[in-house]
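So the sequences go chain by chain: W and P. Each step along the first sequence adds one to the number in my numbering, with nothing skipped, and position 74 is 74. Positions in the second sequence are counted from 1; adding 1000 to them yields my numbering.
Among the hints, a few may not be true.
To be verified - Pulled a few chain W residues facing chain P out of the computed Cβ check, cut under 8 Å:
| no. | residue |
| --- | --- |
| 1 | 34 |
| 2 | 40 |
| 3 | 47 |
| 4 | 51 |
| 5 | 59 |
| 6 | 63 |
| 7 | 68 |
| 8 | 79 |
| 9 | 81 |
| 10 | 82 |
| 11 | 103 |
It is worth saying that the hints were derived from the structure and are not from the lab. Note that the structure is predicted; figures quoted are calculated from it, not measured. Where is the CB? At the ideal position from N, CA and C, for every residue including glycine.
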Amino acid sequence: MTEPSPTTSWPADWLRGVLELCVLSVLSAGPTYGYAVAQRLAEAGLGTVKGGTLYPLLTRLETEALAASSWREGDGGPGRKFFELTAAGSAELRSRTVAWNEFIEHARRLLPPLDAPPPTLPLRS
Amino acid sequence: MKILPPRRRHLMDAWRDTLTTELRMRLVRGDVIGDALADVDAYCADSGQTPDEAFGDPVAYAVAVAQSLPGTAQVPATRWWEGALQTAGTVLGVTFLLEGLDAAAHSGSGLTGSGTVALGSLLSAVLVVLVVVTVVALLPRLAARSPWLLGLGLALGMTAAVLPPVLWTAPAFSAPAWGLLTGGVLALAVWVPFLRPLQGATRDLVVDPRTGRESFTTPKVIGVLAWTLPAVLLVAAVLVVTLPAPR
């Protein structure tokens, strides 16, 4: 397997705000393991998420009963821990997605349109 | 699985050792530590990274893991009153037993001979209980932040147990040898309700969830430590009975 290649390095604060929601979304596609989650996030353009960030987050999702995990045999290598979304996790994903979309819509309305000329400050006489 | 060069293997083992120690100090259960280590192994096997590259500093990672776990992932901590009861029972039990044996062996009247408990012995019981209660109350913070302070606490406890009976030998009370021996056994009996949990704690092994086997070989010394008190008591009893009385 290859290392996920980061396309962009996003500010850490942005990633912190949305990472849990994105991981819930990756898990909603079906049971998967830690490194595959990291790869999927990188492919989606979120950049490299290290194991040291990802696993505590996955454990927290388990603690909150939003995900469940089980160890499965590997193909010749060591076994892998697969994570999957619980019913509570699916419900949480739906409600957080609605809230997140509403949030970014508010933020988007506040920002200048991309085709608008850059704002200029009036000259002082 | 890839065969790692010796130096890389050594660094990986050192990283795993630090993570294990840091999680142990945060009272995380052995099977949960085994699970965290297996997570690291699996991720590193997939990514080809070292634990240091993928998970960063093992101390910071241990903090993040411990914070993400539910309360049930922790070893039940000793409550302060349990620590106080065990300590008081141990110090008083050992004192009464040894004084009782001394009286029975050297008074010339056997079990009816009179023995004396020094004021210093009672004071040491009180001091040791205070030290133990303080250490138990602060244990999670002490262990996580400063193992040196924890060591200092234990050293204070030992000093408090040994010095007062030597420095303050004035008698507190006298009793027949059989009474002291019975009192000693009863005082040591405070350990009985705690033996099963203690056995469970010494068996809290770090187990790899993939194989069901221990991730580390538990040093034999851990099993030996559980026998320290009975062994010391036995040696002291033999010395008290066989050595001539200092009178």
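Right, here's what the structure says about each hint:
no.: 1; hint: 34; in the structure: holds, 5 Å
no.: 2; hint: 40; in the structure: violated, 13 Å
no.: 3; hint: 47; in the structure: violated, 15 Å
no.: 4; hint: 51; in the structure: holds, 4 Å
no.: 5; hint: 59; in the structure: holds, 4 Å
no.: 6; hint: 63; in the structure: holds, 5 Å
no.: 7; hint: 68; in the structure: violated, 13 Å
no.: 8; hint: 79; in the structure: holds, 4 Å
no.: 9; hint: 81; in the structure: holds, 6 Å
no.: 10; hint: 82; in the structure: violated, 10 Å
no.: 11; hint: 103; in the structure: violated, 24 Å
Violation of the numbered hints given earlier is confined to hints 2, 3, 7, 10, 11; the remaining hints are satisfied by the structure.
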